[in-house]
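The residues making up each chain are set out below.
Number of protein chains: 4
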Amino acid sequence: MQDLIQQLHNFNQNRDWEQFHSPKNLSMALSVEAAELMEHFQWLTQDESRTLPDDKKEKVEEEIGDVLLYLLNLSDKLDIDPTEAARAKLRKNADKYPAHKAKGSATKYTEL
Amino acid sequence: MQDLIQQLHNFNQNRDWEQFHSPKNLSMALSVEAAELMEHFQWLTQDESRTLPDDKKEKVEEEIGDVLLYLLNLSDKLDIDPTEAARAKLRKNADKYPAHKAKGSATKYTEL
Amino acid sequence: MQDLIQQLHNFNQNRDWEQFHSPKNLSMALSVEAAELMEHFQWLTQDESRTLPDDKKEKVEEEIGDVLLYLLNLSDKLDIDPTEAARAKLRKNADKYPAHKAKGSATKYTEL
Amino acid sequence: MQDLIQQLHNFNQNRDWEQFHSPKNLSMALSVEAAELMEHFQWLTQDESRTLPDDKKEKVEEEIGDVLLYLLNLSDKLDIDPTEAARAKLRKNADKYPAHKAKGSATKYTEL
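Sequence lines, in order, name chains V, G, B and H.
First residue of the first sequence? That's 1 in this note's numbering, and the numbers climb one at a time after it.
First residue of the second sequence? That's 1 in this note's numbering, and the numbers climb one at a time after it.
First residue of the third sequence? That's 1 in this note's numbering, and the numbers climb one at a time after it.
First residue of the fourth sequence? That's 1 in this note's numbering, and the numbers climb one at a time after it.
Only chain V is shown next, with the shape it has when bound in the complex:
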């Protein structure tokens, strides 16, 4: 992943794009890409979303790539390690949603 961040750096510097990449702007771009990813699923049933045809899966894969690229770019600008952030959040979620209380329920933890 470190290697990917380095490639991303080079890519953006070669295009003189760092000037546009404030954390604010990158958070917008990340949100836009997440929406483009979601767009592929908006008219599908949940079952259909589990078995995508090949051409759709390819497009979804590209959008997943875009989301990760912007997430890495944003994290890098803020000097945050996204993998460590995910680990920490998972530990926190384990406290917020104890297995015996949350079992089988999608209720938000605040309502448990």
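Just so you know, these hints were derived from the structure itself, not from any lab.
Please note: incorrect hints may appear among the correct ones.
For chains that are exact copies, the list does not tell them apart, and a pair is met inside one copy or across any two.
Simulated crosslink set (DSS-like; lysine-lysine; CA at most 27 Å straight-line) [unchecked claim]:
| id | residue 1 | residue 2 |
| --- | --- | --- |
| 1 | K92 | K59 |
| 2 | K77 | K92 |
| 3 | K56 | K101 |
| 4 | K96 | K77 |
| 5 | K56 | K77 |
Keeping the supplied structure of chain V fixed, place chains G, B and H upon it in accordance with the hints.
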């Protein structure tokens, strides 16, 4: 990262949450988390977004964790490797936005 | 609706909030509110989403209010009439998706 | 606006699209359109966002139309009056953010 995906699996199975995690639903959750991340930046100037106070940075870090967790969960359900998807997308972007044409411009590649 | 925009103006001026309300920032806030609205539906089945319990419906109603407030605020800043924009878009959609071709299909018009 | 909702009904029924329009799906489509609207602003400065060139403004206008169409469609399905919801939310916000406390601050009301 593989290790993180395994932890995420265990976390969700212990809570019987896999039933809610269709790719459709996960794409929604990912988009919601990306928006929660963006919310921290919505009233900031671009400059302010570059120098977050510590308490705000902590919250942003949590949201980055959430975005990555849902991205990994969704990718896993679709049997897509997000890092490989990002690598492939970066190669594709290099073709779409040749450095000499894109230099210093945020114009969408379709308009180049 | 004109009356509502006037109330919104007064509300924001009394709080000296106009300084934050650039179209860029308002587009972010609108997107955040649309995500908060969607969050209420993310773990529901489509059928469940058609018959919301009263307390959930109340929260959804509030989020719908928020989305419309930001849409009106943004439109006002850009001197765009949102109702007229919707009418024009509906006419355009009628051309893009002729009834006989689009019937029963959610395929994007570009793929028709 | 009532007239616009009626046109939207006819448009969707002629295309047999009501089957796709569960509140869940419509909340996704609304969120996607809000992101497409935001995309036009993502690389602009706040000042640039206040003075859009004509061709960009036209595209923004279309996206505003799309957002309102989906908001009306979703509200209609849930039997919610969006204008009334906005009015109620504005009253609620007046309580949450008293002018003398909120003046000039973008701090979230929970932190006031």
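Checked against the structure, which of the hints given earlier come out wrong? Result: no hint breaks.
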